[in-house]
Amino acid sequence: MKYIDEFRTGTLAQKIAARIASEVNPQRDYHFMEFCGGHTHAISRFGIIDLLPDNVHMIHGPGCPVCVLPIGRVENAIRLVQTPGLILCSYGDMLRIPTASGMSLLKAKAQGADVRMVYSSADAIKIAQKNPQHQVVFFAIGFETTTPPTAVAIKQAQALGLNNFTVFCNHVLTPSAISHILQSAEVRQLGIVPLDGFIGPAHVSVVIGSQPYEYFAEEFQKPVVIAGFEPLDVMQAILMLLRQINTGRAEVENEFTRAVLPKGNLKAQRLVAEIFELRRVFEWRGLGLVPYSALKIKSCYASFDAEQRFQIPALSIADNKACECGAILRGVKRPQDCKIFGTVCTPENPIGSCMVSSEGACAAHYSYGRFRDTNHATSKEN
Amino acid sequence: MSRRGIIKPGYMRAVDLKNGCIEMVHGSGGRAMAQLIHQLFLTAFDNEYLRKMNDQACFQSFNGRMVMSTDSHVITPLFFPGGDIGSLSVHGTINDIAMSGAKPSYLAASFILEEGFPLSDLKRIVDSMANAAHAAQVPIVTGDTKVVEKGSGDGVFITTTGIGMVPEGINISSENARPGDKILVSGTLGDHGIAIMALRENLSFHTSITSDTAALHDLVAHMITAVPDIHVLRDPTRGGVATALNEIALQSSVGMMLYENKLPIREQVYAACEFLGLDPLYIANEGKLIAICTAEDSTNLLNVMRAHPLGENAAIIGEIIEDTHCFVQMQTRFGGKRVVDWLSGEQLPRIC
Numbered sequence: 001m002k003y004i005d006e007f008r009t010g011t012l013a014q015k016i017a018a019r020i021a022s023e024v025n026p027q028r029d030y031h032f033m034e035f036c037g038g039h040t041h042a043i044s045r046f047g048i049i050d051l052l053p054d055n056v057h058m059i060h061g062p063g064c065p066v067c068v069l070p071i072g073r074v075e076n077a078i079r080l081v082q083t084p085g086l087i088l089c090s091y092g093d094m095l096r097i098p099t100a101s102g103m104s105l106l107k108a109k110a111q112g113a114d115v116r117m118v119y120s121s122a123d124a125i126k127i128a129q130k131n132p133q134h135q136v137v138f139f140a141i142g143f144e145t146t147t148p149p150t151a152v153a154i155k156q157a158q159a160l161g162l163n164n165f166t167v168f169c170n171h172v173l174t175p176s177a178i179s180h181i182l183q184s185a186e187v188r189q190l191g192i193v194p195l196d197g198f199i200g201p202a203h204v205s206v207v208i209g210s211q212p213y214e215y216f217a218e219e220f221q222k223p224v225v226i227a228g229f230e231p232l233d234v235m236q237a238i239l240m241l242l243r244q245i246n247t248g249r250a251e252v253e254n255e256f257t258r259a260v261l262p263k264g265n266l267k268a269q270r271l272v273a274e275i276f277e278l279r280r281v282f283e284w285r286g287l288g289l290v291p292y293s294a295l296k297i298k299s300c301y302a303s304f305d306a307e308q309r310f311q312i313p314a315l316s317i318a319d320n321k322a323c324e325c326g327a328i329l330r331g332v333k334r335p336q337d338c339k340i341f342g343t344v345c346t347p348e349n350p351i352g353s354c355m356v357s358s359e360g361a362c363a364a365h366y367s368y369g370r371f372r373d374t375n376h377a378t379s380k381e382n
Numbered sequence: 001m002s003r004r005g006i007i008k009p010g011y012m013r014a015v016d017l018k019n020g021c022i023e024m025v026h027g028s029g030g031r032a033m034a035q036l037i038h039q040l041f042l043t044a045f046d047n048e049y050l051r052k053m054n055d056q057a058c059f060q061s062f063n064g065r066m067v068m069s070t071d072s073h074v075i076t077p078l079f080f081p082g083g084d085i086g087s088l089s090v091h092g093t094i095n096d097i098a099m100s101g102a103k104p105s106y107l108a109a110s111f112i113l114e115e116g117f118p119l120s121d122l123k124r125i126v127d128s129m130a131n132a133a134h135a136a137q138v139p140i141v142t143g144d145t146k147v148v149e150k151g152s153g154d155g156v157f158i159t160t161t162g163i164g165m166v167p168e169g170i171n172i173s174s175e176n177a178r179p180g181d182k183i184l185v186s187g188t189l190g191d192h193g194i195a196i197m198a199l200r201e202n203l204s205f206h207t208s209i210t211s212d213t214a215a216l217h218d219l220v221a222h223m224i225t226a227v228p229d230i231h232v233l234r235d236p237t238r239g240g241v242a243t244a245l246n247e248i249a250l251q252s253s254v255g256m257m258l259y260e261n262k263l264p265i266r267e268q269v270y271a272a273c274e275f276l277g278l279d280p281l282y283i284a285n286e287g288k289l290i291a292i293c294t295a296e297d298s299t300n301l302l303n304v305m306r307a308h309p310l311g312e313n314a315a316i317i318g319e320i321i322e323d324t325h326c327f328v329q330m331q332t333r334f335g336g337k338r339v340v341d342w343l344s345g346e347q348l349p350r351i352c
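Sequence order for the protein chains is A and B. Note that our numbering gives residue 278 to position 278 of the first sequence, counting from 1, and the numbers run on in steps of one. Note that our numbering gives residue 201 to position 201 of the second sequence, counting from 1, and the numbers run on in steps of one.
Since the hints were made in silico from the structure, they are not lab data. Hints should not be assumed to be uniformly reliable.
[Said to hold, decoys possible] Here are the simulated DMTMM-like pairs of lysine to aspartate or glutamate, each with C-alpha atoms no more than 25 angstroms apart in a straight line:
{"no.": "1", "chain 1": "B", "residue 1": "K262", "chain 2": "A", "residue 2": "D114"}
{"no.": "2", "chain 1": "A", "residue 1": "K130", "chain 2": "B", "residue 2": "E274"}
{"no.": "3", "chain 1": "B", "residue 1": "K150", "chain 2": "A", "residue 2": "D5"}
[Said to hold, decoys possible] Quick look at which bits of chain A chain B covers, simulated, 3 or more residues with Cβ under 8 angstroms:
{"no.": "4", "stretch": "10-20"}
{"no.": "5", "stretch": "46-59"}
{"no.": "6", "stretch": "197-206"}
Just so you know, even glycine gets a beta-carbon here, dropped at the ideal spot from N, CA and C.
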């Protein structure tokens, strides 16, 4: 497939791998966090670990939107969909996230609730148009990539005069999460999470540009390389990070030049700014309360805000005690360090959200990489 | 003046197969049901067993081992490029029987019809079944129809059951894969699933891909003639090749190593999967098979498969390895390794 195969060529991968191997300093270890679940998925699916030297370690970051949504918000959605006549639309993976009691939107659906899986926010608008007598709520999640489409849906709903369409907004912001990780005691003081650099988000950066990361490079002296989601992108980004570290640089570099501009997509940014504003604080699974890390719908668009219309309360619900998703999302633990990984918690019966989405660290390791755990080989993932 | 005599004795107004629809009376066991069965099903499926109008078909038993299989079909939409629920229901059971190496002999068909279902659509489906059965030379010898109230079904559900005869000396079973064996597939993967997906209301993309639905027993007959010692045959329907291979690995207590660059996948299927975030290894096939045989036999088997119209894109995609964990692994085109796991969750409901 054109524009895909070019970024998955094995021969090129071998060349980059050879360069990484020749440039790596054998006297030290390198720890890189790939922030995005998209990168986590690519690393696992294409077996990138097998192409890296033993002293290059990848740490999975919290950039999986399904994974970082706190249980309280899922519980909100499950309670909301009990409203008679209400249709709740969301992206597929959201339906499978279990709450503390093991309930999920999929189970609510099986019990008779009207939950619809949609591929885009535009589908939710169509459902609202087709069902004027029903309240249709779009359960919106995601980082900066999925925020503009939600904004478009709200604009469309306004233009169409839809008074049965609202959005349950859970959009979160990447830079705030990265700051939070870098400022955490685990990274700064305790040194539990050694972090030498970041592979920066691909699609998020298409929207926000590369500039927002300059602060991390500057303030925390951590190199950032923005990379596409294809495996050659990831390999190239690792090589670029390696070179920055070996030459003592801490800069923002853009490997994903075919899509990311320094300023990003200004039109999308303007649209988002028109509809949304910052929340003072928002809970993230794993990271806890992170200031100014999420968006809410502005009061002038309150008629499209499900939180307003249905008086959705703030719920804070603890994760299952055995579940290590929190520590995994902070990079403190690896999926295979969790006691219930692959036994109690599997993709069929997930206990934590990292096992739900294919972008989640646990699901990616379970589905693609767990054969390595049985080889008694030192895993290079982290 | 009496009108008697104008209408021929024994005349009954024909069922309106053009504009009529299924009514509850068609399942009540009375005259309307008998008429529908006669006019529609018997006419289409016509054979000596059905003509006897018994509740069962009676035939001579075979010497040797027989196989039996059943398969329910609930696909939506009912009609799709390359086939329909009718042809699919015939091919599905024939293939399940053929995967033992058996020659399918007879089929039974059972219909659950929803009140209000257009008879013209039903006729299309029944004719398609008749054509598929005729082409495969496997007669439908007995059947049943039930009608459910509107809202209790989805147009039509079809269950087919079949029996077949295993030739002497053939012992094909999913527990027979051995380390060193080669894994073959008979053609391109994922065509059926992607053809169905393209028709789904909420997935607006267009493709020229048609379903691969086909009866594989003739291909199997050629294969076992050339290589009687085929260890495993399996048709990778729901859950795709990945799920079928995981089942075999578990049943045979072996591991597998696949080679991504050997997988036959059409460009359009690959592209559709990229867009939808799916993996072609998990997409359903309805006219493909997996074969596992010794390395020595594999080249011969591959050539025989490629010489058959239903196997022209056949390929050796991997091999059986020793692994107590029964992992199906894949050497990626990129140069790494990964697990090819069981399908988790639901990729797409009601595809067969």
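Now for the hints, and whether the structure bears them out:
Straight-line distance between C-alpha atoms of K262 of chain B and D114 of chain A comes to about 43 angstroms, which puts the hinted pair past the 25 angstroms bound. A hinted pair counts as satisfied when its Cα atoms are at most 25 angstroms apart, and K130 of chain A with E274 of chain B does not qualify at roughly 30 angstroms. A C-alpha spacing of about 49 angstroms is found between K150 of chain B and D5 of chain A, which places the hinted pair above 25 angstroms, so the restraint is violated. Coverage of the stretch 10-20 of chain A by chain B holds in this model, with 4 residues showing a Cβ closer than 8 angstroms to a Cβ of that chain against a need of three.
Three residues within the 8 angstroms Cβ limit are the bar, and the stretch 46-59 of chain A against chain B gives 6, so the coverage statement holds. Residues of the stretch 197-206 of chain A with a Cβ under 8 angstroms from some Cβ of chain B number 0, which does not satisfy the need for three, so the listed coverage is violated.
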